[in-house]
Amino acid sequence: MEQLGKEEVKETSGSELRTVLRSLRRSRTATFGLIYVIALVIVAILAPIISPFDPYAQDLPNRLQPPSFPHILGLDEFGRDVLSRLIHGATISMQVGLEVVLLSLLIGVIVGAISGYYGGWADMVCMRVADIFLAFPSLVLAIGIMAVIGPSIFNVVLSLVVVSWPYYARVIRSQTITLKKMDFITAARAMGASGRRILRTHIIPNAIPPVIILATLGMGSAILAEAGLSFLGLGVNPPTPSWGIMVASGRDYILQAPHMVISSGLIITITVLAFNLLGDGLRDALDPRLRI
Amino acid sequence: MLVGVKNLIKHFPVTKGIVFKKTVATVRAVDDVSFEIEKGKTLGLVGESGSGKSTTGRLILRLLEPTAGTIKFDGLDITSLPENDLKDLRRRTGVVFQDPYSSLDPRKRVMDIISEPLLITNWGDRKRIAERVYELLDLVGLRREDSSKYPHQFSGGQRQRIAIARALALSPDLIVADEPVSALDVSVQAKIINLFSNIQKELQVAYLFISHDLSVVRHISDKVAVMYLGKIVEYGPANMMFDQPLHPYTKSLLTVIPVPNPKLMKSRKPTVLRGEIPSPINPPTGCRFHTRCPYALKQCSEEEPPFVQANPNHFVLCLFWKEIDEGVLIPHI
Amino acid sequence: MTLDSDKVLLEVRNLKTYIETSSGLVKAVDDVSFDVRKGEIVGLVGESGCGKTMAALSVMRLLPEPYGKIVGGSIYFDGQDLTKLSEGEMRAIRGSKISIIFQDPLTALNPIMKIGEQIVEAIVSHQQVDKNEARQRAINLLHSVGIPDGKVIANQYPFRISGGMRQRVMIAIALACDPTLLIADEPTTNLDVSIQAQILEVISDIRRKRGISVLLITHNLGLVAWLCDRVFVMYAGKIVEQAPTEALFTNPSHPYTELLLKSVPKLDSPKDKLATIEGEVPNLIMVPKGCRFHLRCPYARECCRAVEPDLVKVGIDHYARCLMQDSRYNVEWK
Numbered sequence: 001m002e003q004l005g006k007e008e009v010k011e012t013s014g015s016e017l018r019t020v021l022r023s024l025r026r027s028r029t030a031t032f033g034l035i036y037v038i039a040l041v042i043v044a045i046l047a048p049i050i051s052p053f054d055p056y057a058q059d060l061p062n063r064l065q066p067p068s069f070p071h072i073l074g075l076d077e078f079g080r081d082v083l084s085r086l087i088h089g090a091t092i093s094m095q096v097g098l099e100v101v102l103l104s105l106l107i108g109v110i111v112g113a114i115s116g117y118y119g120g121w122a123d124m125v126c127m128r129v130a131d132i133f134l135a136f137p138s139l140v141l142a143i144g145i146m147a148v149i150g151p152s153i154f155n156v157v158l159s160l161v162v163v164s165w166p167y168y169a170r171v172i173r174s175q176t177i178t179l180k181k182m183d184f185i186t187a188a189r190a191m192g193a194s195g196r197r198i199l200r201t202h203i204i205p206n207a208i209p210p211v212i213i214l215a216t217l218g219m220g221s222a223i224l225a226e227a228g229l230s231f232l233g234l235g236v237n238p239p240t241p242s243w244g245i246m247v248a249s250g251r252d253y254i255l256q257a258p259h260m261v262i263s264s265g266l267i268i269t270i271t272v273l274a275f276n277l278l279g280d281g282l283r284d285a286l287d288p289r290l291r292i
Numbered sequence: 001m002l003v004g005v006k007n008l009i010k011h012f013p014v015t016k017g018i019v020f021k022k023t024v025a026t027v028r029a030v031d032d033v034s035f036e037i038e039k040g041k042t043l044g045l046v047g048e049s050g051s052g053k054s055t056t057g058r059l060i061l062r063l064l065e066p067t068a069g070t071i072k073f074d075g076l077d078i079t080s081l082p083e084n085d086l087k088d089l090r091r092r093t094g095v096v097f098q099d100p101y102s103s104l105d106p107r108k109r110v111m112d113i114i115s116e117p118l119l120i121t122n123w124g125d126r127k128r129i130a131e132r133v134y135e136l137l138d139l140v141g142l143r144r145e146d147s148s149k150y151p152h153q154f155s156g157g158q159r160q161r162i163a164i165a166r167a168l169a170l171s172p173d174l175i176v177a178d179e180p181v182s183a184l185d186v187s188v189q190a191k192i193i194n195l196f197s198n199i200q201k202e203l204q205v206a207y208l209f210i211s212h213d214l215s216v217v218r219h220i221s222d223k224v225a226v227m228y229l230g231k232i233v234e235y236g237p238a239n240m241m242f243d244q245p246l247h248p249y250t251k252s253l254l255t256v257i258p259v260p261n262p263k264l265m266k267s268r269k270p271t272v273l274r275g276e277i278p279s280p281i282n283p284p285t286g287c288r289f290h291t292r293c294p295y296a297l298k299q300c301s302e303e304e305p306p307f308v309q310a311n312p313n314h315f316v317l318c319l320f321w322k323e324i325d326e327g328v329l330i331p332h333i
Numbered sequence: 001m002t003l004d005s006d007k008v009l010l011e012v013r014n015l016k017t018y019i020e021t022s023s024g025l026v027k028a029v030d031d032v033s034f035d036v037r038k039g040e041i042v043g044l045v046g047e048s049g050c051g052k053t054m055a056a057l058s059v060m061r062l063l064p065e066p067y068g069k070i071v072g073g074s075i076y077f078d079g080q081d082l083t084k085l086s087e088g089e090m091r092a093i094r095g096s097k098i099s100i101i102f103q104d105p106l107t108a109l110n111p112i113m114k115i116g117e118q119i120v121e122a123i124v125s126h127q128q129v130d131k132n133e134a135r136q137r138a139i140n141l142l143h144s145v146g147i148p149d150g151k152v153i154a155n156q157y158p159f160r161i162s163g164g165m166r167q168r169v170m171i172a173i174a175l176a177c178d179p180t181l182l183i184a185d186e187p188t189t190n191l192d193v194s195i196q197a198q199i200l201e202v203i204s205d206i207r208r209k210r211g212i213s214v215l216l217i218t219h220n221l222g223l224v225a226w227l228c229d230r231v232f233v234m235y236a237g238k239i240v241e242q243a244p245t246e247a248l249f250t251n252p253s254h255p256y257t258e259l260l261l262k263s264v265p266k267l268d269s270p271k272d273k274l275a276t277i278e279g280e281v282p283n284l285i286m287v288p289k290g291c292r293f294h295l296r297c298p299y300a301r302e303c304c305r306a307v308e309p310d311l312v313k314v315g316i317d318h319y320a321r322c323l324m325q326d327s328r329y330n331v332e333w334k
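Going down the list, the sequences are from chains A, B and C.
The numbers in our numbering rise by one with no breaks, and the one at position 253 of the first sequence is 253.
The numbers in our numbering rise by one with no breaks, and the one at position 306 of the second sequence is 306.
The numbers in our numbering rise by one with no breaks, and the one at position 84 of the third sequence is 84.
Hints are supplied without guarantee of correctness; some may be wrong.
[What the hints assert, rightly or not] Straight-line C-alpha distance at most 30 angstroms; calculated BS3-like pairs for lysine-lysine:
#, chain 1, residue 1, chain 2, residue 2
1, B, Lys263, C, Lys313
2, C, Lys266, C, Lys97
3, B, Lys263, C, Lys7
Hints are computed from structural coordinates only; laboratory data are not their basis.
All of these numbers come straight from a predicted model, not from anything done at the bench.
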């Protein structure tokens with residue numbers, strides 16, 4: 001066979017991760033988001049170790065003490081160290097966020113891919129069900145569910161998964177429908193690949209990248225939602241140090257001890273912002289590479 | 001004879017409504033075609049948009065189920081076999097598509113892409129499969145090292161080579177190539193066309209070579225079928241068809257293909273067909289070509305022409321082919 | 001075809017258009033000179049990545065700013081250097097004196113505007129005409145590009161008509177203000193052969209009836225042989241050969257042209273193995289030193305690696321950028 005002279009390979013075969021990181025580093029906001037999220041994960045994991053005090057230890061005589069040494073962010077209404085509670089709150093937030101996103105993603109991918117690939121009745125039914133869920137404002141629906149099943153971390157995750165999976169399902173479904181028409185899928189059919197194999201090896205790996213952005217933003221939303229539910233008393237149970245609960249109790253003492261509301265409110269805001277910035281950065285990083 | 005197609009029909013319903021679907025029209029993509037593909041030889045399938053050539057290719061591969069007619073592959077009637085019984089067909093056929101950018105999974109390495117047919121059929125263990133992939137890469141003019149790369153690292157021509165390697169993985173008897181060089185640059189086209197020729201010579205693979213480019217088809221085909229609006233209007237050995245075309249459509253096409261020969265182009269009198277290509281949803285009555293045919297008579301709009309053998313092995317779908325060939329019937333401008 | 005006069009309508013001299021990309025500076029057009037005379041059809045031919053589309057966009061000053069810029073050279077049209085004009089002055093020329101039609105009419109036409117309205121818009125943006133007269137002119141224009149039922153088509157949206165029709169509409173829009181130069185960038189690449197023939201007829205008619213000059217950008221050598229009076233062959237951002245059409249095909253004087261011609265399957269010749277060109281088109285970010293084609297050239301010698309050839313005269317109006325043709329280099333070539 002003829003030899004093909006000296007040809008250049010178009011790009012260095014760096015891993016996709018490296019390219020994404022390089023692109024993220026170009027944006028200052030995305031870098032901030034990435035570093036913050038990584039830091040938050042570390043804090044969440046190491047909470048028991050790095051927390052200066054026991055988040056549940058009460059010190060009633062000193063309750064509502066403003067920030068001072070050694071309690072850098074002050075004490076709350078039961079004399080508990082605010083900083084330690086925030087740190088443990090990070091664990092809760094990350095746990096909830098991760099669980100909600102991963103479970104919703106799992107359900108969404110399965111439903112969306114099968115729906116999009118096989119079409120027909122199954123597709124219609126699944127999508128109408130998804131539409132029903134999407135028709136409700138998600139937080140209201142979550143509140144409704146929580147009101148019925150009662151507050152606890154598990155229930156919070158459950159209700160948030162119920163309201164989030166349709167978003168992922170819809171996106172994956174439309175990706176699947178687009179991918180189905182591509183020649184490499186037809187080629188797979190022509191070589192006798194089963195539907196299951198095509199879904200597993202071709203469709204899902206190609207459909208996921210855009211969903212990663214949704215998932216990142218979804219974490220921010222889930223954290224915010226949990227805080228909101230806990231704030232309303234429908235989320236995690238006290239004395240668990242959820243950021244939302246801290247805002248709720250901080251609100252009662254907003255004039256005497258503003259440090260409670262400010263610290264917990266601020267941490268929620270910055271965290272959600274960081275996830276959003278990271279998500280936006282990822283969207284830019286992944287976008288041109290998504291050219292199928 | 002490797003592939004025998006008789007009176008093949010494929011109609012696609014056009015439906016309205018979401019829950020309760022109603023058929024409002026039919027796309028008559030392939031409307032009664034018959035042809036044969038011989039072992040180790042190439043049948044060129046030529047046509048413009050709406051001719052049904054791509055649909056025909058997919059029917060042969062049973063990626064679609066025919067509405068009517070029969071398809072025989074090496075003696076076996078595969079027309080209505082359920083997917084489970086088509087494993088043998090899948091093993092003995094390969095496919096190459098037009099777009100080198102969407103025919104390879106962008107997230108898979110070349111090794112995985114080419115070895116997929118081998119994996120699906122449990123062809124052998126990892127080591128044997130890898131060896132086979134290297135063998136195939138060499139066959140198509142790529143290097144071993146290329147097996148660990150991703151499609152986006154290759155040019156269009158190289159990607160087509162990968163697609164060809166994949167099609168050859170199980171040593172198929174037939175490859176259906178749907179516009180395999182149309183998306184490539186001129187100089188790259190030549191390389192891929194040569195590759196197709198060499199592979200056929202070496203491995204005795206038959207081709208169904210689908211293309212709109214008559215020059216390419218002429219170059220590589222043993223037999224040619226010209227399609228128009230779902231019908232084969234002329235069918236015969238390549239030389240005969242191109243030197244002595246009988247159907248007005250073929251004749252016209254041959255006069256309007258741009259050829260890199262200025263003297264020829266200036267002296268040639270092109271027969272430019274008037275009007276648009278009709279839609280396969282509403283094909284013209286009688287002879288489908290009559291609305292654009294420079295020779296059309298009243299009868300042509302009323303009567304469907306039969307598929308007639310004009311010369312040995314040379315068939316034409318025209319009521320007045322003889323009169324046109326003898327010069328008795330002249331074109332009206 | 002006799003030329004109206006040997007007056008030059010468009011003269012591009014030493015044009016350099018560079019594009020900044022994330023991977024580096026792409027020298028898409030690197031010192032290119034060509035011209036179009038009155039009433040001529042000139043072909044700018046090359047494969048993808050040779051810079052021909054960028055050259056066309058440079059003439060129209062339609063480069064993707066801020067990444068793409070003309071960094072050198074001049075473009076003389078109708079006595080003016082287009083590179084020195086302001087955007088406002090350029091806008092007065094675009095669509096009225098010089099028009100361009102593209103490969104894909106579907107994306108070039110506004111999908112939510114009726115055809116008739118788009119032609120009218122083209123007319124009124126350059127000329128002081130009232131709407132009714134513009135509408136009448138639009139219908140006449142459609143007629144002149146071979147659409148007999150102009151009123152019906154004018155009332156349609158682009159997606160409702162066929163590809164061939166759309167291309168005719170594009171030509172109609174391009175002709176709306178009586179340009180003297182029409183640039184056609186791969187106008188028939190997406191069309192079926194039989195429809196392509198119709199469009200080529202329209203372009204041919206335009207030149208014949210209105211004396212409009214055409215700069216035809218294409219990769220199809222057959223089209224060039226059919227329509228063009230003169231040809232410029234581009235490779236890797238440079239003109240490697242230029243000649244009157246017949247001379248180019250009967251006496252190709254650059255190895256690239258020669259190989260390109262040999263690699264096209266011919267209808268009339270037996271099934272020879274097609275000639276191929278070794279290697280791939282070079283990356284316009286890192287062009288080879290010396291002759292840009294030398295890495296793929298079967299005739300290349302030592303000197304080709306070191307020296308970048310000039311355009312050398314090989315016949316009447318016929319030039320080739322190759323050391324083989326340059327009498328100063330007395331090397332054993334074959």
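Evaluation of the provided hints:
no. : hint                : result
1   : Lys263/B - Lys313/C : holds, 23 angstroms
2   : Lys266/C - Lys97/C  : violated, 38 angstroms
3   : Lys263/B - Lys7/C   : holds, 26 angstroms
Hint 2 from the earlier list is the only one contradicted by this structure; the remaining hints agree with it.
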